[in-house]
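K.L.:
Spelled out, the chains give:
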Amino acid sequence: MEQADLKPGDVVKRHRLSTRLWHWTNALTLLVMLMSGLMIFNAHGRLYWGQYGANDDKAWLIIDDAGDTGFVELAGVRVETTGVLGIWTNEEGEVKRRAFPYWLTIPSGYDLQAARRWHFTFAWILAIALTLYMLRSLWNGHVRNDLHIRKWEWSPSHIWHDIKEHARLRFPTGAAARDYNILQKFAYISVIFVLLPLIIFTGLTMSPAMNAAWPWLLDLFGGRQSARSIHFLCAFGLVAFFFVHMAMVILAGPVNEVRSMITGKYRLPGKAEPAPAPEVASMEGETA
Amino acid sequence: MSGSNILLPRRRFLTGAALGGSGLLLSGCDALTEDPGFRSLLRTGEALNKGAHRLIMDRGALAREFSESDMSPVFKANGSISGGTPEYAAHVADKFVRWSLRIDGMVKNPQNFDLKTLMAMPSREQITRHDCVEGWSAIGKWRGTPLRLLLQAAGLSTRARYIVFHCADQWGPGVPYYESIDLIDAFHPQTILAWSMNDGILPVKHGAPLRLRVERQLGYKQAKYVMRVEATDDLSKFYGGKGGYWEDAHDYDWYAGI
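From first to last, the protein sequence lines stand for chains U and S.
For the first sequence, my numbering assigns the number 1 to the initial residue and increments by one for each residue that follows.
For the second sequence, my numbering assigns the number 289 to the initial residue and increments by one for each residue that follows.
Treat the hints as calculated values from the structure; they're not laboratory data.
Certain hints may be false.
Below 30 Å or equal to it, Euclidean Cα-Cα: the simulated DSSO-like pairs (lysine-lysine) are [unchecked claim]: (1) Lys58/U with Lys493/S; (2) Lys96/U with Lys364/S; (3) Lys530/S with Lys58/U; (4) Lys96/U with Lys58/U; (5) Lys58/U with Lys429/S.
This structure is a prediction, so every number in the text was calculated from the model and none was measured.
Make the full structure from the sequences, and use the hints.
P.N.:
Structure, rendered in structure tokens:
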């Protein structure tokens, strides 16, 4: 079907099988990685810059408790977080002095080794799936056709226009909705080519054996503790992406959006022109 | 179902679904964590990691060595901060002059090395990073006797597969600390039994008189208060059978390269 012929209400093929498979694999894997990662963080709720860092060294982020108050201290500024971070009550009503609460961690109770097992097993799934998806997306044109930012899209006025449209919750309709807009491209490129590779390589940098195998990792990230900090920041970058992603899916029509990520078929948004149903069905056949 | 339930506001529905979903996920994950089958599935990760590390890493690949300016101002003392036996206390009292390291097990000539002899042997100095499984790191300077020299002096049997380190610190009645490594790490140039730390005699809180340094693995492998080194072909014969105190008590990975 020609782009020009597309109109709101048309059902088009939007997501390839590789994208759909990878999307749901990631949804599960990243959730497990995040929650088991927060449990690992609970073993030492401080982050540092540089090669070393322990309790006597200067931390840029501390999640801890002091007496009966839990707090987060970021660059020296302390915010009280009693009940949620630093000190909280578990399901059995016991007071726990750990950074992240039980409802955010895998396992829900403090168990460093179990959390490490979850984390390091799912890390394989994350890394292998990302590698395969990158290769597949280069091969099948997903990168070239869908993610590639065209020259005209780089114009500041175009980007500014898209930001304003998003802020007003006015999303593309009709044929324009089939392609990723510039903000979507930024978001997806950041996740696929920046955040996920960074989080994998900073994860590897925390391994003493990997430091011996690939010493350049330490030079690249400026030390094991810097790598641990970047790893944590990437995780929160992915969490931020998740919340924006959820908001966009809900605002853009959750049923249509979720269906398109399951079946691949997407109904172009906007006011549908009255068209006889059979015609739509036959057009759908052509696009498939 | 009543009409009001159907007309549940979307936000409340979503919040409920998210909380319910997260609760299900949590209890599901906890149940999986306890499930022996799933635990062994997760454990394959350990074998995979060790295999991958050994595949891409040269056997003799060195851990990063730092300069003096990189050293931690304070090196955190973790785990035991003293040996737990009366014998150990007596050795501390007379500054380890009557102490000696026993090397036995699958060796041709079991023998004892006193501290003076160890210090007179060729030694290696290295400024390396100590990584705790909890996530923190400290950089310190170590000097000690390469383990391979001691194993060679004792005539390690060709049937030996692992080296077990018996320690003086106690983690309960009749539960001494111990650790073990394979021969790749035992013969690694940076694997030393350190008797000096940061240019001084190894302090008690850091494992006097001898502490193992296996620089490509995590902190719980760096056994303190080493009293005896035993060569073996089978780790299942020792204590809980998993090759180390934390491995037995808390199911830690025996391979601690990650």
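K.L.:
Holds or violated: are the alpha carbons of Lys96/U and Lys58/U at most 30 Å from each other?
P.N.:
Holds, because 25 Å separates the two Cα atoms, which is no more than 30 Å.
K.L.:
Just to be careful, I want the Cα atoms of Lys58/U and Lys429/S compared with a cutoff of 30 Å; is the pair within it?
P.N.:
The hint holds at about 21 Å.
K.L.:
Under the criterion that the straight-line Cα-Cα distance not exceed 30 Å, is the pair Lys96/U, Lys364/S satisfied?
P.N.:
Measuring from Cα to Cα gives roughly 24 Å; hence the hint holds.
K.L.:
Hey, Lys530/S versus Lys58/U, does the alpha-carbon distance stay inside 30 Å?
P.N.:
37 Å, violated
K.L.:
Straight-line Cα separation of Lys58/U and Lys493/S no greater than 30 Å?
P.N.:
23 Å, holds
In this structure, the one hint that does not hold is number 3.
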